[in-house]
Amino acid sequence: GAGVSQSPSNKVTEKGKDVELRCDPISGHTALYWYRQSLGQGLEFLIYFQGNSAPDKSGLPSDRFSAERTGGSVSTLTIQRTQQEDSAVYLCASSFPGNHEQYFGPGTRLTVT
Amino acid sequence: AQSVTQLDSQVPVFEEAPVELRCNYSSSVSVYLFWYVQYPNQGLQLLLKYLSGSTLVESINGFEAEFNKSQTSFHLRKPSVHISDTAEYFCAVSASGTYKYIFGTGTRLKVLA
Chain A
1 GAGVSQSPSN KVTEKGKDVE LRCDPISGHT ALYWYRQSLG QGLEFLIYFQ
51 GNSAPDKSGL PSDRFSAERT GGSVSTLTIQ RTQQEDSAVY LCASSFPGNH
101 EQYFGPGTRL TVT
Chain B
1 AQSVTQLDSQ VPVFEEAPVE LRCNYSSSVS VYLFWYVQYP NQGLQLLLKY
51 LSGSTLVESI NGFEAEFNKS QTSFHLRKPS VHISDTAEYF CAVSASGTYK
101 YIFGTGTRLK VLA
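Same order as they appear, the protein sequences are chains A and B.
Take the first sequence: its letter number 97 is residue 97 in the working numbering, and every next letter is one higher.
Take the second sequence: its letter number 68 is residue 68 in the working numbering, and every next letter is one higher.
Think of the hints as simulated: they come from the structure by calculation, not from any bench.
One or more of the hints may lead you astray.
Covered, in the sense of this in silico footprint (three residues per stretch, anywhere, with C-beta under 8 Å from a C-beta of chain B), are these stretches of chain A [to be verified]:
#1 31-42
#2 45-54
#3 86-100
#4 103-109
Quick caveat, the model's predicted, so the values are computed rather than measured.
Just so you know, even glycine gets a beta-carbon here, dropped at the ideal spot from N, CA and C.
The shape of chain B in the complex, shown without the other chains (with noise of 0.2 Å):
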């Protein structure tokens, strides 16, 4: 079975700064690894994925996450939060062979002016 780990429930940070979300997973078997965002009173958008290939993936507005396979992590960071940033972020890990995605419990990112 498959498990995913999001120690930060909360992460504030002043806009501008750096920011680092957390995640981490366990697995016996390979996987695909995702991040989605929820940003108030809407529902999930995907944010970016790994796959295969390169294990720096990036989203179109200036997050990327890392896949570690020797640390099983997939870190969401940002080098420049904005105040829209303030959202839920939610890592979630798919079994290689099947398409069910098992979700970290999300870390709230506020983002303070």
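Pulled out of the complex, with its shape left as it was, chain A reads as follows (with noise of 0.2 Å):
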């Protein structure tokens, strides 16, 4: 089946501007998760969706950024006001309720300027 899909791959955008990453997790996987992986800081957790659970939020670096995942499927990470230190690789992965193993999709590549 298909895996983890994201779009779009890369993204160039002024500094100042707001970006909309996408998500389409693999079917039935309810649990959803962004990452973020930077040069210097490594992966890190950003914020995880189960089911129709408050989202665990506590990766956020600030208020700049949301999430949102519609239908349970879909999730759209959303950065405002974009600043250079958000340049990095925006990672989605998926997982089956109760299943710690996540399945990742390719990413996506964000460069402010």
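Fit the two chains together into the complex; they arrive one by one in their own frames, and the hints show the way.
What follows is the structure, given as structure tokens:
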């Protein structure tokens, strides 16, 4: 079956602009995660959705970052007023409920100029 | 809180030689442990995982890792590496009762001919 997909694969934006990154999880995976992979910071957890429960937002670095998940499937990560330090690869992962094995998408490379 | 330490940022090794990539973690609760591999220009793929049971876990491509609770380690080993093993390897921990991963900073394995 299809894996986790993310779009766009690359995004270049000017400082101060808003961006939206999309994630389509594997069908049937009710758990969805966002991570950020950047130089000097490694892989950081951002946010976790599980079904209809309140998301775990403990990893979001600032209030410029937000995410939503509509219909328990597709998720959008929004970064408002982008800064150069937001440049990174944003990874989405999904898993079956109660399963610790996460499947990762190819990522979106964000470059803020 | 949990943390993961991968002390070696880069490991060069000749083809057919053995390799060990080190991973240490800290946690006040029981954990699940994972190794993910990221080949050049590709996404993260699960290599192997420890959830419970036998402390020695193996992957289909010859890697193995051993959970050592007393030393809080989960080192990755392979007795004979191939050029195709060149990649970045990430160790991750997930605390019991949660599902988000805490990643190490990664180790770049470069296999030399």
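Here is what the structure says about each hint:
Only residues whose beta carbon comes within less than 8 Å of a beta carbon in chain B count, and the region 31-42 of chain A has 4; three or more means the coverage holds. Residues of the region 45-54 of chain A with a Cβ under 8 Å from some Cβ of chain B number 3, which satisfies the need for three, so the listed coverage holds. Here's how the region 86-100 of chain A fares: 4 of its residues keep a CB closer than 8 Å to some CB of chain B, so the rule of at least three is met and the hint holds. Using a Cβ-Cβ cut-off of 8 Å, 5 residues of the region 103-109 of chain A lie near chain B, which meets the minimum of three, so the contact claim holds.
In this structure, every one of the numbered hints holds.
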